[in-house]
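A.B. asks: For reference, the chains in residue letters:
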Amino acid sequence: MDNVRETVLEILSDLTGSDEIKANPDINLFETGLLDSMGTVQLLLELQAQLDVDAPVSEFDRTEWATPNKVVAKVESMQ
Amino acid sequence: MINLQPYENPMYFGYLLIGLLPIIIGMLYEKRFRWYETLFSFCFLVLIFDGPKLGQGIALIGYTIFEVLLTWGYVRYRTRPKGANKTSIFVLAVILSIAPLVVVKFTPLFDPQHPSIFGFLGISYLTFKVVGMIMETRDGMIKEFNILKFLQFLLFFPTISSGPIDRYRRFIKDYDRVPTKEKYLELLEKGVHYVMIGFLYKFILGYFFGTLLLPNIEKIALINGHSNVLGLSWSLVGVMYAYSMYLFFDFAGYSLFAVGISYIMGIQTPINFNKPFASWNIKEFWNRWHMTLSFWFRDYIYMRFVFFMIKHKVLKSRIAIANLGYVVLFLIMGIWHGETWYYIVYGLFHATVMILTDAWLRFKKKHPDLLPSNRFTKVMSVVLTFHVVCFSFLIFSGFLDKLWFGFR
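So the protein sequences, as listed, match chains F and A. So that you can map any letter, position 27 of the first sequence is 26 in numbering that gives the first Met the number 0, and since no number is skipped, the others follow by simple counting. So that you can map any letter, position 27 of the second sequence is 26 in numbering that gives the first Met the number 0, and since no number is skipped, the others follow by simple counting.
Because the hints were derived from the structure by calculation, they are not lab data. As the structure is a prediction and not an experimental result, all values here were calculated from the model. From the three backbone atoms N, C-alpha and C, an ideal C-beta is built for every residue, glycine too. One should not assume that every hint holds.
As the list claims (entries may be wrong) - Only some residues are given here: those of chain A computed to face chain F with a beta carbon under 7 Å:
id	residue
1	Asp138
2	Met302
3	Phe304
4	Phe307
5	Ile309
6	Lys312
7	Val313
8	Ala321
To be verified - Here are some chain A residues the structure puts well away from chain F; computed CB gaps all over 12 Å:
id	residue
9	Trp233
10	Leu328
11	Gly397
Extracted from the complex, chain F is given alone in its bound form (with noise of 0.2 Å):
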């Protein structure tokens, strides 16, 4: 479990660029800017290539998307 958390935080920063990520991990992805479709689409592949999570895009609610913890729940919840 602990090395999906680790595999999306590293994503999420890599995609952003910024060292937030994993300093503050309820930090809203969209609402700060960090995030927007394009990152979302990139977040959504990567996921696929390293998880082999399939989350199509009807999946994404930015709601339930919308911190790096929150991220993580629905990766864990979608294996």
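Here the structure of chain F is known, so what remains is to put chain A in place on it, guided by the hints.
C.D. replies: Relative to chain F, chain A alone:
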């Protein structure tokens, strides 16, 4: 026969109130009278599409039958035991679902005098809903087709003429549920509040800017415009502000009625406007302006386009893909508004501003010490965004067409 335009006159609200009473009373006893809700919706559809609008009513019936068959067929195809999911069938389903809208939208190009006989009030918004359903069926998120629920969703009359655009899975969650009395009282209070704000926006502020102010400033701007080639004058700036305010208050007011009436019926239709003029950049603006439409374009066009381009490695540069995505999105949005030069320029203008904003954000990330982030810079960015948006609405208004080419 009485024919009513949705939310346009006091009579419509009077009938609404009478029709809503049994629903409100039922909900207070934690009951939904499904047959009454259906009858109520049906009566209002008749009121909107009868008499002089009968042609539109018949078009609506034909359209509904077509989309029912199409969606039913596609859901059936996708839920076959062998798990069929061909891209060609999906593309065909999407093309067929938008075909009626495309015909209606392009008829004026060939025959400007007569609107298409297939057209009716709200065809765009119904089409958006159906296309959303087909995409979610493709993604495996919608797994069954229930004709009654589909009709309730598609023809939900509070939002039929101009949205907000709801999503099937969200709508059905509300429709299937009967809220507790406490929860319903909360919805009722919010609903009534939204309708009241809607009155203020549409019938007072929208009326003031659109009916009292705008035509007068337009007249002055047309006269003053004669003094130079581009027709520039200070009154043109006035037209820009007055039109922008009118557009916001009129449409936000209408949307509040639709959302408010939905809430009173126990359906939490998503809101359409969230203080758009307080946005600090254009990306934020599109998260706050006509939200259900911009989210629809974001989720069903932009994100899918970008997903496809990256996955199939059509272009290497992510920046180029994002920028191309903006052009595709806003060009389609512009053409959807109508095939005139000013709607298309409006779309391209917004695509350009989005691209420049992304470039600016990247630049700022690389040079974090360039500008301080304080109250002053924040206010300046809101003021700048507001003016960029108002300028785009001046293009959108078509007034420049009148000003520049009106003499023809």
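A.B. asks: Give a verdict on every hint.
C.D. replies: Tested hints:
Because the smallest distance between the Cβ of aspartate 138 of chain A and any Cβ of chain F comes to about 4 Å, under 7 Å, the interface hint for this residue holds. Among the interface hints, the one on methionine 302 of chain A holds; its C-beta lies about 5 Å from the nearest C-beta in chain F, closer than the 7 Å criterion. Taken as an interface hint, phenylalanine 304 of chain A does not check out: its beta carbon lies about 9 Å from the nearest beta carbon of chain F, beyond 7 Å. Hint status for phenylalanine 307 of chain A: violated, given a least beta-carbon distance of 9 Å to chain F, over 7 Å.
The beta carbon of isoleucine 309 of chain A is positioned within 7 Å of a beta carbon in chain F (closest approach about 6 Å), and the interface hint is therefore held. Annotation: lysine 312 of chain A was flagged as interfacial toward chain F, and the flag is violated, the nearest CB pair being 11 Å apart, outside 7 Å. A cut of 7 Å between beta carbons decides the hint on valine 313 of chain A: the least distance to chain F is about 13 Å, and the hint is violated. The interface hint given for alanine 321 of chain A holds, since its Cβ lies 5 Å from the closest Cβ of chain F, which is under the 7 Å cut-off.
The beta carbon of tryptophan 233 of chain A is kept farther than 12 Å from every beta carbon of chain F, the shortest such distance being approximately 36 Å. Look at leucine 328 of chain A: its CB is around 10 Å from the nearest CB on chain F, not clear of 12 Å, so calling it non-interface is violated. Every CB of chain F is more than 12 Å from the CB of glycine 397 of chain A (nearest about 30 Å), matching its label as outside the interface.
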